[in-house]
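There are 2 protein chains.
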Amino acid sequence: MYRSHNCGELNATHINTEVTLSGWVQKSRDKGFIVWVDLRDRYGVTQLVFDEERTSKEMMERAQKLGREFVIQVKGKVIERASKNPNMPTGEIEILVSELTILNKAIVPPFTIEDETDGGEDLRMKYRYLDIRRNPVKNNLIFRSKVSMEVRNFLSNNGFIEVETPYLIKSTPEGARDFVVPSRMNEGEFYALPQSPQTFKQLLMVGGMDKYFQIVKCFRDEDLRADRQPEFTQIDCEMAFVEQEDILNIFENLTRHLLKEINGVEVDKFPRMLFDDAMRLYGNDKPDIRFGMEFGELNDIAQHKDFGVFNNAELVVGIAVPGGNAYTRKEIDKLIDWVKRPQVGALGMVYSRCNDDGSFKSSVDKFYDQEDLAKWAERTGAKPGDLVCVLSGPANKVRAQLSALRMELAERLGLRKPNEFAPLWVIDFPLLELDEETGHYHAMHHPFTSPKPGQLELLDTDPGAVKANAYDLVLNGNEIGGGSIRIHDKETQATMFKHLGFTPEEAKEQFGFLMDAFQYGAPPHGGLAFGLDRLVSILGGQETIRDFIAFPKNNSGRDVMIDAPAAIDDEQLKELSLQVTVNK
Amino acid sequence: MYRSHNCGELNATHINTEVTLSGWVQKSRDKGFIVWVDLRDRYGVTQLVFDEERTSKEMMERAQKLGREFVIQVKGKVIERASKNPNMPTGEIEILVSELTILNKAIVPPFTIEDETDGGEDLRMKYRYLDIRRNPVKNNLIFRSKVSMEVRNFLSNNGFIEVETPYLIKSTPEGARDFVVPSRMNEGEFYALPQSPQTFKQLLMVGGMDKYFQIVKCFRDEDLRADRQPEFTQIDCEMAFVEQEDILNIFENLTRHLLKEINGVEVDKFPRMLFDDAMRLYGNDKPDIRFGMEFGELNDIAQHKDFGVFNNAELVVGIAVPGGNAYTRKEIDKLIDWVKRPQVGALGMVYSRCNDDGSFKSSVDKFYDQEDLAKWAERTGAKPGDLVCVLSGPANKVRAQLSALRMELAERLGLRKPNEFAPLWVIDFPLLELDEETGHYHAMHHPFTSPKPGQLELLDTDPGAVKANAYDLVLNGNEIGGGSIRIHDKETQATMFKHLGFTPEEAKEQFGFLMDAFQYGAPPHGGLAFGLDRLVSILGGQETIRDFIAFPKNNSGRDVMIDAPAAIDDEQLKELSLQVTVNK
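Line by line, the protein sequences are chains A and B. Mapping the first sequence onto this note's numbering, position 556 (from 1) lands on 556, and the numbers just tick up by one. Mapping the second sequence onto this note's numbering, position 394 (from 1) lands on 394, and the numbers just tick up by one.
Worth double-checking, as some hints may not be accurate.
Remember, identical chains collapse to one label, so a pair may be satisfied in a single copy or spanning two.
DMTMM-like, lysine to aspartate or glutamate: derived pairs with alpha carbons at most 25 Å apart [stated by the list, open to error]:
| no. | residue 1 | residue 2 |
| --- | --- | --- |
| 1 | 65 | 297 |
| 2 | 57 | 80 |
| 3 | 334 | 506 |
| 4 | 397 | 547 |
| 5 | 260 | 150 |
| 6 | 211 | 245 |
| 7 | 138 | 457 |
| 8 | 211 | 150 |
| 9 | 397 | 30 |
| 10 | 452 | 261 |
| 11 | 146 | 261 |
| 12 | 211 | 547 |
| 13 | 211 | 261 |
| 14 | 57 | 261 |
| 15 | 211 | 38 |
Hint data in this document are derived by calculation from the structure and do not stem from the laboratory.
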């Protein structure tokens, strides 16, 4: 038996108990006549003591030679500590060691295993197994496990069945590029790894499974952006005989359950916002509503006043920056530079200072009088002491730019508080999205999403205006989940594919299995998928997904720790060449 | 709202309640003046009634046209049924329908959706989404979900953390062939899909995670035998600071928890059997101990009696067949034919009838007298009325043959009772296994398994005799789990690789990341993995894994329902060719 207790549980009630502990040497302090060693395991740190009076010379010498991260086992008696440490759960006691066994030595780690480490990110990624020993990373992994477990508890208690869907499947394009897997059993043919279990869960609904969920890996062979992993984890859910309202209610309850169990936060009923309103008020389909700074559209009051920039713009829109009038001229110039950065892309910014005496001072005083500027303030909700920032241009672009500015300022003003949670539903998304490059429409959610009742006809005349039974769950400015009520009849699905540019043959080839299934009595159904990685990082108060993953991959998709992928060996190469040749 | 209740919950307490139900038309009986419809959903079946007196003519006509598997919604009043059905939870009531809505029509299904269906296996596999509507399959999927949830509950309550390990990894050979995944981000390089998260969980132990588990998909690109899927699910566990005893105890408790929660069965402490004893007594490393029929080795009493077949054999071994003396001569001849089938491979079988009067009648009376045969009976535990069956030949082969006969006879005698559970641990497995074809030794469990203390030296002189800290959990003649205490220091691991025929360079290339990690303070650790698919099917009282998987694959590895894998398209082909060429 390697241990009787762990390193986090002993306290004054254990004094005089004989215990056995195992763990890692966190650090040691050698005063010559006395040696203290901090022994660490997953559960905490316990102080060991060796001293001249009570410890044999031989053991004293061995204790003095213990290096950082040595793995040791000790037996000894729990004694009261002379100088107690109230900040440590085990701070009242220490272990007077009577037996010391070195279980494994350790060479010097490339960075210190402390909460605040001296290791840079690259080094910590390379030695991820050492990084995981550090409390912040270890606790994040434990946190992730807890969130998964609470999700499963809630869904199981609400009648959902976890069903495992296959990973080696037939390719069904879903927007991103599939990873493919050569089949050596069937030369020239390839499996795909699923981008999501979408079609499988729909088939389960056709199969009467009614309430399905799965916490499941999904795969996308695409360029990696920050915090995007080629494999990611989804909480995938689907229900039959439901309307949008049923789905919103159950997953709102799930989210509320998580916030309560994980974060100890009680949240009221989630607000619901139309997609169009989200875009109008926040320039964004995932608004962070922890703070105000709602957009005020100024076209009717700012245009036709001889200011050509505004007059020629599709949209003139502003926000009020709380306390922004305190900015110096230089600070405002820096802000203007910020919105002109290529990542934001504005051509300039107009502003109006709201003075404490109720007067205004704008960068366009030549064109707008005090009465005009008072209207701007009113429209953006600006109070004396605030700053009104105004952008103009094509509506879609200018909304995105002002949204970026809103988020940046909120960050600077400390309005994005990590421990405050403001969830909301964004509903009534457009069914289709115009690809401005190709001029083609594609499904905004996915091709299985149903249009709102009675809007199918609009597909021919005004496809961009068709709204979908689609919804996103947004938390603190992040989309943590999204879903839709699906199409459940063959005809509507065929119409949908037609409008997405599929020939009937292509639709049959790729999705015939699903449309065939719809003929055998498909129930109305819909669902939702949460991105577990992001959900966990937001509940955990951090934006970095990587901190909550045991073995992240770097930007090229390689495992940072085991240096994958590997070059293929000769035998495999031969087989693959053969397949490719045969297929030609 | 599609329903106020489900189809399995209404009973006499609901009489006079107005309800809304949705589901599938299981069947209908049309008597002209009255129509009964059985409405089915995941939860049960409820009888609907339409009759001339109380139903409008228009609705009556629509009810008469409802086909099997139509998806409908009804509103109506719960009324007492005239002829009650005590075998149905809803058998006291029926619904007098006031509104009928057809949600989706259905074409005639290719087989009947009944517990006993007319559909052959191929058809049911092809239309798996219809097969899943049948109670036996549906209940198996729900059962599987319940087992997974109970596993998670137990492990979470015992301090285990579920950590997700990556699916796109660097290839680390583990016996079977890896599936490979071309990386389009890194031309000419390939990921592998994990055969198990073995090395990752060991790195988590080095990382101090202490108690890890994961219910995880594993992949093997190998020939498919019956009920082998190219992807399968593993309950993967690992612990640090443990000895074999700790692991056996915790996973014995897990198994006992499952048997109790899932099957309502209380099981005593699991017996532990040495691998050598299992082979000697049952000819098998996964003995079914629900019944006796232990092997009796007869060399000392059956050899040197002028019967050349036995005299020349390495092993003469028999079993007692309970009540087997009742077999006719013809039946015994058939049994002899059975052991001579190529799948079993015995050259013949000797038998001795144990008559009720205490006398014996054997097929080798010429060589053995009553006293000899009495010893055979004693050695195999045969009683009057039994039949002693004896095989002889090379020890390994004859044990396997007699084990096959033992299992076959037990099956025929009804001794393998699906609702009886007899778990045991088989321990002290050999470390290495001789590949008779190549003459090389390979790791019986895997190369990370530690030898028993003090046996490392034997590797040079008698590798086949080295025992490992390896154990299997056996249930009803099936290996449901297996594991080992791992090597946790670089030197021993290097020695192990050397004995497995790796050059130091190969070992470094393939497993350097693990051996490097061991240098930074690796704790003693070990673990176990359960095959979830098999565990679930055995707890469910069935041997067929496929019944517990939503979307099985056929023998070529294809999904039986969506006909994967797909032929690769031209664009993908071009990219792959490029990669393969570059790599050359």
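Right, here's what the structure says about each hint:
no., hint, in the structure
1, 65 <-> 297, "neither (71 Å within a copy, 57 Å between copies)"
2, 57 <-> 80, "within (23 Å within a copy, 89 Å between copies)"
3, 334 <-> 506, "neither (53 Å within a copy, 57 Å between copies)"
4, 397 <-> 547, "neither (33 Å within a copy, 54 Å between copies)"
5, 260 <-> 150, "both (10 Å within a copy, 23 Å between copies)"
6, 211 <-> 245, "within (15 Å within a copy, 41 Å between copies)"
7, 138 <-> 457, "neither (54 Å within a copy, 38 Å between copies)"
8, 211 <-> 150, "both (17 Å within a copy, 19 Å between copies)"
9, 397 <-> 30, "neither (64 Å within a copy, 64 Å between copies)"
10, 452 <-> 261, "neither (35 Å within a copy, 45 Å between copies)"
11, 146 <-> 261, "both (10 Å within a copy, 22 Å between copies)"
12, 211 <-> 547, "between (32 Å within a copy, 19 Å between copies)"
13, 211 <-> 261, "both (23 Å within a copy, 22 Å between copies)"
14, 57 <-> 261, "neither (51 Å within a copy, 55 Å between copies)"
15, 211 <-> 38, "between (50 Å within a copy, 21 Å between copies)"
Comparing the model with each earlier hint shows violations of hints 1, 3, 4, 7, 9, 10 and 14; every other hint is respected.
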